[in-house]
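There are 2 protein chains.
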Amino acid sequence: MPQSYRVAILGATGAVGTELLTLLAERSFPLSGLKLLASAKSAGQRLPFQDEALPIEAVHDQAFDDVDIVLASAGGSVSKAWATKIVEAGAVMIDNSSAFRMDPTVPLVVPEVNPEAAAAHQGIIANPNCTTILMNVAVYPLHQVQPVRRIVAASYQSSSGAGARAMEELKNQAQAILNGQAPRPEIFPHPIAFNVFPHNSALNDLGYCEEEMKMVNETRKIFGVPDLRITATCVRVPVLRAHSEAVNLDFDAPFDVEQAREILGQAPGVKLVEDWKTNHFPMPIEASGQDAVLVGRIRQDISNPTGLELWLSGDQIRKGAALNAVQIAELLVQQNLIRSAKQPVSVQA
Amino acid sequence: MPQSYRVAILGATGAVGTELLTLLAERSFPLSGLKLLASAKSAGQRLPFQDEALPIEAVHDQAFDDVDIVLASAGGSVSKAWATKIVEAGAVMIDNSSAFRMDPTVPLVVPEVNPEAAAAHQGIIANPNCTTILMNVAVYPLHQVQPVRRIVAASYQSSSGAGARAMEELKNQAQAILNGQAPRPEIFPHPIAFNVFPHNSALNDLGYCEEEMKMVNETRKIFGVPDLRITATCVRVPVLRAHSEAVNLDFDAPFDVEQAREILGQAPGVKLVEDWKTNHFPMPIEASGQDAVLVGRIRQDISNPTGLELWLSGDQIRKGAALNAVQIAELLVQQNLIRSAKQPVSVQA
Numbered sequence: 001m002p003q004s005y006r007v008a009i010l011g012a013t014g015a016v017g018t019e020l021l022t023l024l025a026e027r028s029f030p031l032s033g034l035k036l037l038a039s040a041k042s043a044g045q046r047l048p049f050q051d052e053a054l055p056i057e058a059v060h061d062q063a064f065d066d067v068d069i070v071l072a073s074a075g076g077s078v079s080k081a082w083a084t085k086i087v088e089a090g091a092v093m094i095d096n097s098s099a100f101r102m103d104p105t106v107p108l109v110v111p112e113v114n115p116e117a118a119a120a121h122q123g124i125i126a127n128p129n130c131t132t133i134l135m136n137v138a139v140y141p142l143h144q145v146q147p148v149r150r151i152v153a154a155s156y157q158s159s160s161g162a163g164a165r166a167m168e169e170l171k172n173q174a175q176a177i178l179n180g181q182a183p184r185p186e187i188f189p190h191p192i193a194f195n196v197f198p199h200n201s202a203l204n205d206l207g208y209c210e211e212e213m214k215m216v217n218e219t220r221k222i223f224g225v226p227d228l229r230i231t232a233t234c235v236r237v238p239v240l241r242a243h244s245e246a247v248n249l250d251f252d253a254p255f256d257v258e259q260a261r262e263i264l265g266q267a268p269g270v271k272l273v274e275d276w277k278t279n280h281f282p283m284p285i286e287a288s289g290q291d292a293v294l295v296g297r298i299r300q301d302i303s304n305p306t307g308l309e310l311w312l313s314g315d316q317i318r319k320g321a322a323l324n325a326v327q328i329a330e331l332l333v334q335q336n337l338i339r340s341a342k343q344p345v346s347v348q349a
Numbered sequence: 001m002p003q004s005y006r007v008a009i010l011g012a013t014g015a016v017g018t019e020l021l022t023l024l025a026e027r028s029f030p031l032s033g034l035k036l037l038a039s040a041k042s043a044g045q046r047l048p049f050q051d052e053a054l055p056i057e058a059v060h061d062q063a064f065d066d067v068d069i070v071l072a073s074a075g076g077s078v079s080k081a082w083a084t085k086i087v088e089a090g091a092v093m094i095d096n097s098s099a100f101r102m103d104p105t106v107p108l109v110v111p112e113v114n115p116e117a118a119a120a121h122q123g124i125i126a127n128p129n130c131t132t133i134l135m136n137v138a139v140y141p142l143h144q145v146q147p148v149r150r151i152v153a154a155s156y157q158s159s160s161g162a163g164a165r166a167m168e169e170l171k172n173q174a175q176a177i178l179n180g181q182a183p184r185p186e187i188f189p190h191p192i193a194f195n196v197f198p199h200n201s202a203l204n205d206l207g208y209c210e211e212e213m214k215m216v217n218e219t220r221k222i223f224g225v226p227d228l229r230i231t232a233t234c235v236r237v238p239v240l241r242a243h244s245e246a247v248n249l250d251f252d253a254p255f256d257v258e259q260a261r262e263i264l265g266q267a268p269g270v271k272l273v274e275d276w277k278t279n280h281f282p283m284p285i286e287a288s289g290q291d292a293v294l295v296g297r298i299r300q301d302i303s304n305p306t307g308l309e310l311w312l313s314g315d316q317i318r319k320g321a322a323l324n325a326v327q328i329a330e331l332l333v334q335q336n337l338i339r340s341a342k343q344p345v346s347v348q349a
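Just so you know, the protein sequences line up as chains A and B, in that order.
Going by full-length UniProt numbering, the letters in the first sequence line up with residues 1 to 349, in that order.
Going by full-length UniProt numbering, the letters in the second sequence line up with residues 1 to 349, in that order.
If you're looking for bench data, these hints aren't it; they were derived computationally from the structure.
Be careful, since some hints might not be right.
Where chains are identical, the list cannot tell them apart; a pair therefore holds if satisfied intra-copy or between any two copies.
[As the list claims (entries may be wrong)] In silico DMTMM-like cross-links for lysine to aspartate or glutamate, where the CA-CA straight-line distance does not exceed 25 Å: (1) Lys171 / Glu286; (2) Lys277 / Asp66; (3) Lys277 / Glu186; (4) Lys171 / Glu186; (5) Lys85 / Asp252; (6) Lys171 / Glu57; (7) Lys277 / Glu116; (8) Lys41 / Glu116; (9) Lys277 / Asp65; (10) Lys277 / Asp205; (11) Lys271 / Asp65.
Computed from a predicted structure; not experimentally measured.
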């Protein structure tokens, strides 16, 4: 009989939390128990899971004592606040926040890219930033064949990247503008409907925003190339769900475009979307709800003999967050990397 | 008494045509007559100009005989069909279509960049592609100080770049989606509301679309650098008006970012929009209706010691088309480059 595991979702009510619930069911994760944790204000509510309506508990000091895996998606401060309790309880925390991503003792894992990194965990594994994950899934298969030397990325990021309320804000503002009214920004600093603006995360002294630096630093860590040259411009666009990216790659030597297409056509987590006749390439409306990162428009860069251009769209809530976290959990199961699983786990009473 | 000129607008009823009317009035262009030309189906209609309602005439063989300047914005096939008649009539055609842009005998002019090119005209001057103009206005002032070696651009292009009907399609689709209905693509091949997709112009054998090749080839011609290395990814976004671009620049040597900021702060046609404290940078909703190309987020490229990153938004109907054409007309006036103006021009009877 295969082992099964007790999983807790910390931040069960958020966009990623509910997607985690969907994925655990869809992928038949070997559960012996599922605990939904959230802030006190959500406690007592219930969320559907398979044929049940699971209660939400307020997170508390003993909440992790009977848990093997914690999927945390309640933001950096919540992850930081509970990490020690989770680790002390013997559970593994798969953390969707940015809190521990750059911690050298914490593996930062995209299962299609660096599954081997998970083995070194000391109780916490970090789930990378959504924009980073999508780009890494598309670029790493090429990098394996011929090292990438420099990446210039421009993103087209959907509203739901800033949460469910931001997605509502986009809809409300769009309706207001269509009615001839002025849009009222609340979540975003600027109107998002029928507009685009550079990603509004905090800017560093060099003028890069946090989102851009995540793409730079996390990719370096995941690829294991600390000095990989990466620059990015992250931009919000009025799309409800799924991020897109224009990615310019420079390699050590020319990369045959047909070979690149073949590699990406077989790469794990990638779906090639390239119909040159009908001008049909990856689009966020088609990436939404899909597991795969849609990749296409693979071109020889005409400005650089060792360059390639590609275009991708991926569901940032799914592969960019919840799916990647569940895949990490599956990896832990497959490789027997769940700490408390060393003791036999009984099905929840 | 200053000379004045007889101007015809060919394609007066289009988005660019009506903007031309607005600009000729706004900028007090020295008119001695203004003739509105369009296809037979618009003939007889009137368009407001200053305090008048000017009649629209169907274009015909003798339509240009009493005209000094033709501002053509009715598409490539119309421009090609009438160019000979216009030139034979002694008028100068400022053509907004792509028909003659790459013709070596036709100057391709952005007045802030290469005004000197206009002097060599033989009756036709081409107005560049909108995306090209916006980028050129922002990049050329830097290129003058230190030659740019390579440009990697990603565009965020509004619906109105595909015409007024495409803009309506965006609004209609947005309303449909907000009502829970499926969007119906008619002008664009894919839904544009709450979506993005690579620019749907024809693709060449290398996988570059026409819009991208315009940025490449036209910039080379305007800058006078036939082998300038440029790559671009052009993308439609659900914005009503004004295009944005993420532009990565590589120079012959390091370019001090403060110097770049100073140069662009004083560059003709550029308005610096950079409030790092409030994360306020160029946005299409603020660029709409403005003459200037809004430029900001000027950063040292952290992936390249000789690189800079910048972000821009500009009104593609105004500076990207109609304004640039009127500026070319003004340049012809200032430099006495209007052919029939060699004879005294009398005010229209």
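Item checked: Intra- versus inter-subunit Cα pairing at 25 Å for Lys277 with Asp66 -> neither (56 Å within a copy, 46 Å between copies)
Note to self: Checking an output row: Lys277 and Asp65, CA cutoff 25 Å. Within, between, both or neither?
What the structure shows: Answer is neither; intra-copy 57 Å and inter-copy 44 Å both fail.
Check: Checking Lys277 and Glu186: alpha-carbon separation at most 25 Å within a copy, between copies, both or neither?
Finding: between (42 Å within a copy, 18 Å between copies)
Checklist line | Alpha-carbon proximity between Lys171 and Glu186, which holds within one copy, between copies, both or neither at 25 Å | finding: both (13 Å within a copy, 22 Å between copies)
Notebook entry, point to check: Between Lys277 and Glu116, at a C-alpha cutoff of 25 Å, which is it: within one copy, between copies, both, or neither?
Noted result: Classified as neither: same-chain Cα gap 40 Å, cross-chain 41 Å, threshold 25 Å.
Note to self: When Cα atoms must be at most 25 Å apart, do Lys277 and Asp205 count as within-copy, between-copy, both, or neither?
What the structure shows: between (45 Å within a copy, 11 Å between copies)
Next item on the list: Indicate which option fits the pair Lys171, Glu286 if close means a Cα-Cα distance not exceeding 25 Å: within, between, both or neither.
Entry: both (19 Å within a copy, 20 Å between copies)
Check: From the Cα coordinates, with 25 Å as the cut-off, is the pair Lys271 and Asp65 best called within, between, both, or neither?
Finding: neither (40 Å within a copy, 59 Å between copies)
Next item on the list: At 25 Å max between alpha carbons, let me know whether Lys85 reaches Asp252 within a copy, between copies, both or neither.
Entry: neither (46 Å within a copy, 54 Å between copies)
Margin query: As a check of your reading, is Lys41 near Glu116 (CA-CA no more than 25 Å) within one copy, between copies, both or neither?
Written below: So Lys41 and Glu116 fail the 25 Å test inside a copy (39 Å) and across (69 Å) alike.
Notebook entry, point to check: How would you label the pair Lys171, Glu57 (within, between, both, or neither) given a Cα cut-off of 25 Å?
Noted result: neither (31 Å within a copy, 43 Å between copies)
Checked against the numbered hints above, the structure violates hints 2, 5, 6, 7, 8, 9 and 11; every other hint is satisfied.
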